[in-house]
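Undergrad: Listed in order, the protein sequences are those of chains A and B.
If you count the first sequence from 1, you need to add 3 to reach the numbering used here.
If you count the second sequence from 1, you need to add 39 to reach the numbering used here.
Derived by calculation from the structure, the hints in this document are not laboratory data.
Predicted model, so just to flag it, every value in this text is computed and none were measured.
It is possible that part of the hints are untrue.
Pair by pair, the computed Cβ-Cβ distance ranges are [unchecked claim]:
(1) B:Q80 <-> A:K62: 24 to 32 Å
(2) A:E48 <-> B:L78: 45 to 53 Å
(3) A:Y54 <-> B:Q53: 25 to 33 Å
(4) A:E84 <-> B:G140: 28 to 36 Å
(5) A:K71 <-> B:P47: 37 to 45 Å
Note that the Cβ used here is the ideal one computed from N, Cα and C, for glycine as well.
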Amino acid sequence: EDQVTQSPEALRLQEGESSSLNCSYTVSGLRGLFWYRQDPGKGPEFLFTLYSAGEEKEKERLKATLTKKESFLHITAPKPEDSATYLCAVQALFGSGGYQKVTFGTGTKLQVIP
Amino acid sequence: EPEVTQTPSHQVTQMGQEVILRCVPISNHLYFYWYRQILGQKVEFLVSFYNNEISEKSEIFDDQFSVERPDGSNFTLKIRSTKLEDSAMYFCASSVGLYRGSNEQFFGPGTRLTVL
């Protein structure tokens with residue numbers, strides 16, 4: 004069974020204090036790993052897709068990296084507006100029909116204190 | 040920027056009633072999805088839809104659920120006889136395709152369903 008585990012569950016940072024969030028996964032036939040940001044009561048907002056080990060993507064203060072077993076979301080010099088829950092999701096082949104399903108982790112709730 | 044829209048934002052219903060949740064996916068996207076998120080829990084896949092038929096569904100998506108694309112823009116999720124445990128946020132999502140470079144799923148703002 005596909006599994007996605009995120010750590011830590013919650014993270015409190017001072018403004019400007021860099022850190023990393025972890026997403027470890029166990030899937031067969033990975034077709035993509037996605038990072039989303041979710042604000043309370045809102046839908047997930049797409050951030051990045053990673054496809055292959057060694058791949059990196061950057062956007063403003065965020066940088067996502069991928070290995071064969073895990074992904075990291077690095078947050079450099081965070082600001083209070085970066086406070087949100089960050090979700091990791093993996094898309095993998097399912098069954099023999101070529102269908103793909105997305106499995107989400109439980110997320111890391113980030114709080115950035117001014 | 041194109042976005043997925045959902046209506047209503049909040050639906051309150053009595054147990055046993057039917058509800059229809061509506062979504063308008065991004066216009067050039069071909070794959071449509073429904074997810075749910077029970078309060079405090081993770082986002083869970085319900086169903087994917089392509090070319091006017093279900094391409095995949097989870098074990099959650101039982102006979103009480105159905106999906107439809109009644110016209111060229113709307114995508115609906117119907118729950119036939121709601122239960123208390125159906126209370127959750129329901130998210131619609133869409134993607135251009137299934138493969139590398141086209142499989143990013145963009146989510147709508149969600150419909151909060153409350154079953155009393």
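Undergrad: Of the numbered hints stated previously, which ones are contradicted by the structure, given in increasing order?
TA: Violated hints: 2 and 3; rest satisfied.
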